[in-house]
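Protein chains: 2
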Amino acid sequence: MYLYLIRHGIAVDLDPLAVDANGLPFGTAIANDELRSLTKIGRKKVAQVADRLGELELTFDLIITSPLVRARQTADILLDRHLSPNLEVSEHLKPSGKLESWLMEWETRVNDNLVSTVALVGHEPNLSEWAELLIYGRSENKIILKKSGIIGLKFTDKLEIGAAQLTCLIPPKYLLVG
Amino acid sequence: MYLYLIRHGIAVDLDPLAVDANGLPFGTAIANDELRSLTKIGRKKVAQVADRLGELELTFDLIITSPLVRARQTADILLDRHLSPNLEVSEHLKPSGKLESWLMEWETRVNDNLVSTVALVGHEPNLSEWAELLIYGRSENKIILKKSGIIGLKFTDKLEIGAAQLTCLIPPKYLLVG
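From first to last, the protein sequence lines stand for chains A and B.
Under the working numbering, think of the first position of the first sequence as 132, with each following residue one higher.
Under the working numbering, think of the first position of the second sequence as 132, with each following residue one higher.
Calculated directly from the structure, the hints in this document are not laboratory data.
Please note that a few of the clues may not be correct.
If several chains are the same, the list does not tell them apart, and a pair holds so long as it fits within one copy or across any two.
Unchecked claim - Derived lysine-lysine pairs resembling DSBU-like cross-links, with alpha carbons at most 30 Å apart: (1) Lys171 x Lys289; (2) Lys175 x Lys289; (3) Lys289 x Lys278; (4) Lys273 x Lys225; (5) Lys304 x Lys285; (6) Lys273 x Lys289; (7) Lys175 x Lys273; (8) Lys171 x Lys278; (9) Lys304 x Lys175; (10) Lys289 x Lys229; (11) Lys285 x Lys273; (12) Lys304 x Lys229; (13) Lys273 x Lys229; (14) Lys289 x Lys225; (15) Lys277 x Lys304; (16) Lys304 x Lys273.
Model the full structure from these sequences, guided by the hints.
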């Protein structure tokens, strides 16, 4: 089973003075962060990365995304580019999410071979921490995952903590061709 | 300081019945292994990888290579493609080499800022073990480094065991463009 961890693209900065569609300030910093969208350059880069992944025939049985806008927009671009037929949203992929909670929800399903190549779209520092936990069973913040970057993990037996091998860590510049 | 670990390209298989230029069998399996050269496809792939690295402006102040033929040939192609002005050979990069011995030889020089981007061309499982030692201080054989693949490490302070961050792990297919 292959698991790809994909960080969302470049998003607009957090602005505590931002107002919503009704001209009212967003209620909390968290709500604000959840609504940050990709910038124009961010969308373009994610699309270029997606096109290159398609060229390399790296596709997914399923994409699971964080519900935050910048992650959903990233996942939507991957879907537009036909990298996966299926998209799901998981609360566990939020910045506050925990790997253990996601595993509890997903490991039975994945270990039953219902899906063999899954991409998670989410946030840092979560994704690189999850990668280290899945590989080594502990997290030391030693993996640098850039926006639109990808971590590839391979599970030869079960999807569980400490069971993964690292197959790739691709900064987006290696995927921007031409 | 940036350190790139590059595995040699695809080489001819070890053949205990191989004979040397004089029609005599090579003396030992070790001697034989040391003389294995890149295949035609191996040379082509390394050249493609080198061209792509050049396109991405990833160049090195210095390339240090294992003395084994397949590694030297790989390093020579990187030099031909102008990825570095300097090439040195180190016995520590042989399959029997030890990271600690290489560090003793090189760390003073690198920590003196005489070189800031260095590529090592060598073998598996050594290079991925060295990467894990440099990042985490221990090796668990969890990093998959393919032939012509690249590991990128970043040292923000000193070049020493446990001090690195992982910036990339690039299988060659991501570098073969067009």
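Consistency of the hints with the structure:
1. Lys171 x Lys289: neither (39 Å within a copy, 38 Å between copies)
2. Lys175 x Lys289: For lysine 175 and lysine 289, the Cα distance exceeds 30 Å both inside one copy (36 Å) and across copies (37 Å).
3. Lys289 x Lys278: both (28 Å within a copy, 27 Å between copies)
4. Lys273 x Lys225: both (21 Å within a copy, 27 Å between copies)
5. Lys304 x Lys285: both (23 Å within a copy, 17 Å between copies)
6. Lys273 x Lys289: This pair counts as both: shortest intra-copy Cα distance 24 Å, inter-copy 15 Å.
7. Lys175 x Lys273: For lysine 175 and lysine 273, only the intra-copy Cα distance (28 Å) is at most 30 Å; the inter-copy one is 33 Å.
8. Lys171 x Lys278: within (14 Å within a copy, 37 Å between copies)
9. Lys304 x Lys175: both (13 Å within a copy, 23 Å between copies)
10. Lys289 x Lys229: within (19 Å within a copy, 33 Å between copies)
11. Lys285 x Lys273: Both ways: lysine 285 and lysine 273 sit 19 Å apart in one copy and 10 Å across, limit 30 Å.
12. Lys304 x Lys229: within (29 Å within a copy, 32 Å between copies)
13. Lys273 x Lys229: Both. Shortest intra-copy (18 Å) and inter-copy (23 Å) distances satisfy the 30 Å Cα cut-off.
14. Lys289 x Lys225: Classified as within: same-chain Cα gap 24 Å, cross-chain 35 Å, threshold 30 Å.
15. Lys277 x Lys304: For lysine 277 and lysine 304, the Cα distance is within 30 Å both inside one copy (10 Å) and across copies (20 Å).
16. Lys304 x Lys273: This pair counts as both: shortest intra-copy Cα distance 20 Å, inter-copy 24 Å.
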